[in-house]
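K.L.:
Residue numbers (our numbering): 41 to 443.
Read the hints as simulated data drawn from the structure, not as lab findings.
Take the hints with a grain of salt, since some may be wrong.
[Claimed, not checked] Below, in silico cross-link-like pairs of lysine to aspartate or glutamate (EDC-like), each with a Cα-Cα straight-line distance of 20 Å or less: (1) Lys306 with Glu252; (2) Lys94 with Glu199; (3) Lys94 with Glu121; (4) Lys288 with Glu246; (5) Lys95 with Glu158; (6) Lys180 with Asp411; (7) Lys143 with Asp167; (8) Lys437 with Asp129; (9) Lys209 with Glu225; (10) Lys157 with Asp167; (11) Lys141 with Asp129; (12) Lys353 with Glu246.
[Said to hold, decoys possible] With beta-carbon atoms standing in for the labels, derived distance ranges: (13) Gly182 with Pro340: 44 to 52 Å; (14) Asp196 with Ala243: 28 to 36 Å; (15) Glu199 with Trp265: 15 to 23 Å; (16) Glu150 with Thr211: 46 to 54 Å; (17) Pro130 with Glu301: 36 to 44 Å; (18) Lys157 with Gly260: 19 to 27 Å.
Note that beta-carbon positions come from the ideal geometry of N, C-alpha and C, so glycine has one too.
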Amino acid sequence: MMNLTRRAFFGGSLAAGMTAFADGAASPQLEKIDGFDENVGLPTIGHWQPFSDKKVRIGIAGNGVCSFGKVFIFQTHPNAEVVAVAEVDPERRADLQAATKAKRAYASCEEMIDEDKELDAIFIATDAPSHAALAIRALKRGLHVASCVPAIFGIDQLELAEELFSLVKSTGLVYALFETSAFREQAIAIRELYRAGALGEIAYAEGEYYHEIHAERPLGSYKGWRDGLPPMYYPTHAAAYYTCTTMKRLTEVSCFGTPSELAPFKDAANVYKNPFGTETALMRTETGGSLRVSVSWTLPFYRGELGRVWGTKGNFRTRFYGDKRLAKGVETRPFAFPKAFGNRNYHGGSHGYLTDDFLRAILLKRRPIVDVSLGLNTTLCGVLAHKSALRGGELLKIPQYEL
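Modelling step: build the complete structure from the supplied sequences, incorporating the hints.
P.N.:
Quick look at the structure:
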C-alpha cells in the first residue's frame, strides 16, 4: 500500500517496486476561477523540452469566463506558434491576443478558420454548443483540431458526431478532445497501472463530477448555455476515469435524474426542458464491467471530481491496492512529457500535458491520448444517459466509434 504522488508520475517513472516519491515544496496557489476547481502553479520543477525542429502554427478561439484560450499555454511551448486568435468580445479578444502574442485577431472563429491561411491547427475554447460545428469547419479546411469538452452538445448533435468522426477518419487529421481528467494525477496512475497489467480487467469503476452552481451567483456563459444544463451533457470529467484510463468503450446506459427546486431547473424552465440538477448513470463497458457516473450542479458546498476503479488483480482509489508480488513486476516506463509547463497550469496540472500531447500527435504523426473515438465515447455516454433519465431509466445503446 502506498501513496502515488504527482511528482512520482509527472517527474519520473513508474518504479518497478512501486516505490513512493516524496513531494517537493508546495506550489504557490493562484487565484481561483469562480465555479471551477483548483488552479495549480508549477513554476520551478522544469521547463518545456522541444521534441522537433518544427512548430505548429495555432489559431486559438475563445477567451470567455474561464479564459481557456490562454491557460492551455500554447504560447509557451517551443513547438507551437500562436499566429491568430478569435473572440467575439472586443476586450476579451484584445486580452487573448496580448497574452498569446498572436499576430492577428478575428471577431469570430469562423472568420479565423476561413480567412487565415497561415494556420496548421486550431484550439477551440468557445461555448460548448459550438465545439462540434467549429471542429467540422476546421477539418474541412484541412486543419488539425483540439477542442475543449464536450465533443458534441446534446441529443440534437448526434448527426454532428457522425460527421466529425467521418472527417477525421477520411482526412487523417489530428482531432484531440482536451479532457482534463485524462491527465489528472489519479487518471495517469490508473492508466499506467492498467497498461502494466497491475489492475487486471476492470470489473467496476466510478467517476464523479460535482460542481455546485450557486443560485444567487450562477456561473456565466455565452448566451446562457449553462442555464439549466443537463448534468449528463457534460459527463467527460467523470467518465474519463474509466474511458481515458483503459481506452475501452461504453456500450449501454441507464440513468436516473434528481429534480432540483433551484432556478433555472425548477419546473424544467430552461431551454433544455431539463428538471434535473443531478444525474447518476450505470454504464456497461465493452469488457462486461460496469461504470457508475454521477454529475451534479446543485449539491451544496462542494466542487470536485473523483475516479476509482476495481480490477480483477488490484484497485485504485486514492491509493493503489493490489497484489504486492504482482506490483513488483511492473516495468519502469519513463514519461515522455516535460516536467512542468510554466506557472498557470489548471485542472490539477493537466493543461500542459494535453497541449504537449496534441502537438506531439501532429508533429510525430501519432494519435493523441483522447482521440476522436475516445472523445466521442466519453461524451456520448452522457448524452444518452440524459435521454435515459428523461425516460425513467430506460436502458439505451451508446453509439460506437472506432478508428
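K.L.:
Evaluate each hint against the coordinates.
P.N.:
Structure-based check of each hint:
| no. | hint | verdict |
| --- | --- | --- |
| 1 | Lys306 with Glu252 | holds, 16 Å |
| 2 | Lys94 with Glu199 | violated, 36 Å |
| 3 | Lys94 with Glu121 | holds, 10 Å |
| 4 | Lys288 with Glu246 | holds, 14 Å |
| 5 | Lys95 with Glu158 | holds, 12 Å |
| 6 | Lys180 with Asp411 | holds, 17 Å |
| 7 | Lys143 with Asp167 | violated, 24 Å |
| 8 | Lys437 with Asp129 | violated, 40 Å |
| 9 | Lys209 with Glu225 | violated, 31 Å |
| 10 | Lys157 with Asp167 | violated, 24 Å |
| 11 | Lys141 with Asp129 | holds, 18 Å |
| 12 | Lys353 with Glu246 | holds, 17 Å |
| 13 | Gly182 with Pro340: 44 to 52 Å | holds, 48 Å |
| 14 | Asp196 with Ala243: 28 to 36 Å | holds, 35 Å |
| 15 | Glu199 with Trp265: 15 to 23 Å | holds, 19 Å |
| 16 | Glu150 with Thr211: 46 to 54 Å | violated, 19 Å |
| 17 | Pro130 with Glu301: 36 to 44 Å | holds, 39 Å |
| 18 | Lys157 with Gly260: 19 to 27 Å | violated, 34 Å |
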